[in-house]
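Note that the protein sequences, when read in sequence, are chains D and H.
Note that my numbering has the first sequence beginning at 1, numbered continuously upward.
Note that my numbering has the second sequence beginning at 1, numbered continuously upward.
It should be emphasised that the hints constitute simulated quantities derived from the structure, not laboratory data.
Note that the structure is predicted; figures quoted are calculated from it, not measured.
Relax, there's no trap hidden among the hints.
Mimicking DSBU-like on lysine-lysine, the simulated pairs with C-alpha atoms at most 30 Å apart in a straight line are:
| hint | chain 1 | residue 1 | chain 2 | residue 2 |
| --- | --- | --- | --- | --- |
| 1 | H | Lys-92 | H | Lys-32 |
| 2 | H | Lys-92 | H | Lys-21 |
| 3 | H | Lys-32 | D | Lys-28 |
| 4 | H | Lys-32 | H | Lys-21 |
| 5 | H | Lys-92 | D | Lys-28 |
What follows is a list of derived Cβ distance ranges for each label pair:
| hint | chain 1 | residue 1 | chain 2 | residue 2 | range |
| --- | --- | --- | --- | --- | --- |
| 6 | H | Gln-122 | D | Gly-22 | 25 to 33 Å |
| 7 | H | Leu-30 | D | Ile-21 | 31 to 39 Å |
| 8 | D | Ser-14 | H | Gln-57 | 18 to 26 Å |
| 9 | H | Ala-100 | D | Ser-14 | 21 to 29 Å |
| 10 | H | Arg-97 | D | Ala-3 | 38 to 46 Å |
Built from N, CA and C at the ideal position, the CB exists for glycine as well.
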Amino acid sequence: MMAVPTFLHYAVYSFVALLLIGGALLMKRRPYDMSTTRDAAG
Amino acid sequence: MGEPLKRNVSPLTQYLARNEKDTHALTRLLSKSLGGVVFALATLLFIAFTASINASQSMGGPMNMSPSSEEWFYIVLVIDALLLISAWLGIKLFGFRRQAIWGLSLLVGIVILVLGVRNHIQAPPLDGVN
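Same shape as in the complex, but just chain D:
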């Protein structure tokens, strides 16, 4: 088996971080949040 360059391991971990952070951000953002719309503000 051939050795794997170290940066490729970190590339995979970066992918994982993107997915986890993206999932966490989507989880935090409430759907249909009307407080930020122009009608509710005005």
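We have chain D; now place chain H onto it with these hints.
Below, chain H without anything else, positioned relative to chain D:
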């Protein structure tokens, strides 16, 4: 005035117009199933390709034409982009809610993390660096 026009309409269109409700339900079912299949396939392939980035390769195929680890990384980036587009189309067709998307995103991330860590642990040592 309307009669000659009606005669030109194909039987299929007439049938669809008569059973508009059923046709709508059938179209919805078909598009949902298609979306689900596309999304499931894209997700599985995304996991497989992304986890293969840091998998150690065998010593080379016939005539040593298989791409090296670095080349394979760039190929996977392109394939992953295409798979993400397919998954997005699948989500649109299936009509996932936001809650389902973040749950699946976390799940896919954890699966790739487990496979990536396994590849990292099982990787053969680099010469000199260790």
